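There are 2 protein chains.
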Amino acid sequence: MTGILAGLRIVEGSAFIAAPLGGMTLAQLGADVIRFDDIKGGLDNDRWPITKDGRSIYWAGLNKGKRSIAVDLRSPRGRELLTALITSPGEGAGIFTTNMPARGWLAYEELSKKRADLIALNIVGARDGSAHVDYTVNAITGFPMVTGPVGHDGPVNAVAPPWDLATAYAGAMAILAAERHRRLTGQGQRIVLPLQDMALAATSALGYIGEAVVNQVDRPRFGNEIFGTFGRDFKTKDGRFVMICIFSDRHVDALASAGGFADSFKKIEAAQGVDLKTDAGRWLARAELCAIIEPWVAARTAADVSEALKKAGALWAPYQSSASSRSTRPTCSTIPCSPSSISPASAAIRSPPRRCSSARSRASRP
Amino acid sequence: MTGILAGLRIVEGSAFIAAPLGGMTLAQLGADVIRFDDIKGGLDNDRWPITKDGRSIYWAGLNKGKRSIAVDLRSPRGRELLTALITSPGEGAGIFTTNMPARGWLAYEELSKKRADLIALNIVGARDGSAHVDYTVNAITGFPMVTGPVGHDGPVNAVAPPWDLATAYAGAMAILAAERHRRLTGQGQRIVLPLQDMALAATSALGYIGEAVVNQVDRPRFGNEIFGTFGRDFKTKDGRFVMICIFSDRHVDALASAGGFADSFKKIEAAQGVDLKTDAGRWLARAELCAIIEPWVAARTAADVSEALKKAGALWAPYQSSASSRSTRPTCSTIPCSPSSISPASAAIRSPPRRCSSARSRASRP
Numbered sequence: 001m002t003g004i005l006a007g008l009r010i011v012e013g014s015a016f017i018a019a020p021l022g023g024m025t026l027a028q029l030g031a032d033v034i035r036f037d038d039i040k041g042g043l044d045n046d047r048w049p050i051t052k053d054g055r056s057i058y059w060a061g062l063n064k065g066k067r068s069i070a071v072d073l074r075s076p077r078g079r080e081l082l083t084a085l086i087t088s089p090g091e092g093a094g095i096f097t098t099n100m101p102a103r104g105w106l107a108y109e110e111l112s113k114k115r116a117d118l119i120a121l122n123i124v125g126a127r128d129g130s131a132h133v134d135y136t137v138n139a140i141t142g143f144p145m146v147t148g149p150v151g152h153d154g155p156v157n158a159v160a161p162p163w164d165l166a167t168a169y170a171g172a173m174a175i176l177a178a179e180r181h182r183r184l185t186g187q188g189q190r191i192v193l194p195l196q197d198m199a200l201a202a203t204s205a206l207g208y209i210g211e212a213v214v215n216q217v218d219r220p221r222f223g224n225e226i227f228g229t230f231g232r233d234f235k236t237k238d239g240r241f242v243m244i245c246i247f248s249d250r251h252v253d254a255l256a257s258a259g260g261f262a263d264s265f266k267k268i269e270a271a272q273g274v275d276l277k278t279d280a281g282r283w284l285a286r287a288e289l290c291a292i293i294e295p296w297v298a299a300r301t302a303a304d305v306s307e308a309l310k311k312a313g314a315l316w317a318p319y320q321s322s323a324s325s326r327s328t329r330p331t332c333s334t335i336p337c338s339p340s341s342i343s344p345a346s347a348a349i350r351s352p353p354r355r356c357s358s359a360r361s362r363a364s365r366p
Numbered sequence: 001m002t003g004i005l006a007g008l009r010i011v012e013g014s015a016f017i018a019a020p021l022g023g024m025t026l027a028q029l030g031a032d033v034i035r036f037d038d039i040k041g042g043l044d045n046d047r048w049p050i051t052k053d054g055r056s057i058y059w060a061g062l063n064k065g066k067r068s069i070a071v072d073l074r075s076p077r078g079r080e081l082l083t084a085l086i087t088s089p090g091e092g093a094g095i096f097t098t099n100m101p102a103r104g105w106l107a108y109e110e111l112s113k114k115r116a117d118l119i120a121l122n123i124v125g126a127r128d129g130s131a132h133v134d135y136t137v138n139a140i141t142g143f144p145m146v147t148g149p150v151g152h153d154g155p156v157n158a159v160a161p162p163w164d165l166a167t168a169y170a171g172a173m174a175i176l177a178a179e180r181h182r183r184l185t186g187q188g189q190r191i192v193l194p195l196q197d198m199a200l201a202a203t204s205a206l207g208y209i210g211e212a213v214v215n216q217v218d219r220p221r222f223g224n225e226i227f228g229t230f231g232r233d234f235k236t237k238d239g240r241f242v243m244i245c246i247f248s249d250r251h252v253d254a255l256a257s258a259g260g261f262a263d264s265f266k267k268i269e270a271a272q273g274v275d276l277k278t279d280a281g282r283w284l285a286r287a288e289l290c291a292i293i294e295p296w297v298a299a300r301t302a303a304d305v306s307e308a309l310k311k312a313g314a315l316w317a318p319y320q321s322s323a324s325s326r327s328t329r330p331t332c333s334t335i336p337c338s339p340s341s342i343s344p345a346s347a348a349i350r351s352p353p354r355r356c357s358s359a360r361s362r363a364s365r366p
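If you read the sequences in order, they're chains A and B.
Per our numbering, the first sequence runs over residues 1 to 366.
Per our numbering, the second sequence runs over residues 1 to 366.
So here's chain A without its partners, still in its complex pose (with noise of 0.2 Å):
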């Protein structure tokens, strides 16, 4: 393998989201990553989505750049075999990353017995040993009652998966973190990291349960408008729609530039009394910026106010489809994808690299 992780070897027992997308990502960063399913095929060989002839597209897009095998897991011959190789020797060898029940023979005192520097990263729901995914996680954390049009009934789920996201990847991280303890000091690592805690340590460190607790208030529902500054979607002739927000000085002046807004922001801060380079200004007069946007963008299709925007240096973006998304961004590379490089579980394959690049490091050579 070539990559800045070289030299590590990672066994990865997996499923759902958050255990293979975090070895996945030491896979793309050089490591070679060997992900182990039952003989009869994982919880995720045939998941949705899947191609028309029933192959699974979400288990090849978790999966790139490993290496897999399929085991008997209920026969103590593959046990044993499986043992063997989360315990195998070497410097960068001796990491195990699972989410599934690290129990019996995938304890860590069991394994432990056969490499006492064992690395084990458990992700597991909940503390407390109880089942959690990302939606019920997420349905705890507070945030579908806050998501969703003002005014609608009920909770509004996110798509994307928050939680299952900052697990993987703080996972991964922490798999590093207890190398570089090893790598120092000779000790091995148990890392248990429940999917519950990683949704409420950011929905703390965002400021959410600080605003509950400091100031006594429950967040009520802002619709698609960025709580504390400006920030929202705005309706095209054309029937498109753009997110335009403001973060800064800059973005302020930009946006009055690209609607020729200048004089009409002036009078906002005069009526309203507020400085419209400030957070709290911008939020606060938030109703009367959008009267002015609203109907300049409303009144031109969406080729035209992006023109503007982006001539203006202005922070906003299309909203897109993940078709338009592939197709259009540059940033999507192009890099042909054909059904052929979809593989199940069940053979050792090595997929082709990863089709936008995610963490990139750039060997710099001083």
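Mixed in with the good hints there might be a few duds.
If chains are identical, the list can't say which one is meant, so a pair holds when it fits in one copy or spans any two.
[Claimed, not checked] Subject to a maximum C-alpha distance of 20 Å in a straight line, what follows is the list of computed SDA-like cross-link-like pairs (lysine to any residue):
#1 Lys237 / Thr51
#2 Lys52 / Pro220
#3 Lys64 / Ser75
#4 Lys40 / Ala93
#5 Lys310 / Gly129
#6 Lys277 / Met100
#7 Lys52 / Gln216
#8 Lys267 / Ile293
#9 Lys235 / Ser88
#10 Lys235 / Val150
#11 Lys235 / Pro149
#12 Lys113 / Leu81
#13 Lys277 / Asp38
#14 Lys267 / Arg240
#15 Lys64 / Ala270
I should point out that these hints are in silico values taken from the structure, not numbers from a laboratory.
These figures come from a predicted structure and were not determined experimentally.
Mind docking chain B on chain A? Use the hints.
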């Protein structure tokens, strides 16, 4: 410092979410992280939510466990001091993370003149240099057009920022990958991590781009339903909401047991010609499953539904608010948080420990 990353020292020049959250994560694992802001206050100094006396809960949330200094970034002396801090000697030092423009005195080329093996992580909006934040990147991924109620006209923005979160942890991982490489080879590293690439890579990993390319379909909006298996929200008799999902055989049986649905499930399988023990079977019969579960939940209080689902070991969760999440979950710790622990960037502080645990690395001594 204690913690698995003891010995690392990281200088952080940050704003928004991804960069400070990545730094905070490394700090919470034991690295010595020193954040600097301009002497007049950084972009985040007053960001909302704020306390009643104007102090930023946002700033406090993203800077726990760090040291913080304020420097006049426009003065030659301030720049000289920061350059010396960023490039100071020591095996674990010489690590810089930023989302500020890495040009002029902050360019890798300039900084690495003072320390040839510098590691620098630069989080940017997009690879082409255009400005982006989580909200604009999210618009491009396609997720807002498939989030929210079926029939809703227009995008639904994410409130928990998935791409900031992913980039924060992936950035922290990239630092550790580069530090391993430096330890092994003596080489420094310039890492450029675009928010937009993180988002598109994840959209690809989750199968959305593959589905569009291989199947030539753009996934429509499915409301709160989990695509490709069974899962959605249900409303209780007393007006509360619960999320109920099925991801495995065990969850089918548990849900059947909780509600006495075993016979009804068999009838669905016979009538629809599906196997509810498969993802495809559950997805194709989701309307029929909903027709059984919905009236059962609607006839019961949240307390009764919760008790039955919990007892049976079903995969479910109640929808909560941030405040109820904080007050009712034992998983959220009860360390008191007083407004006095919220400090602006203008003084050196060491914040109290995080309130909810993140990556939980338990040292095991084999």
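| Which hints, by number, does the structure contradict? | 1, 3, 4, 9, 14 and 15
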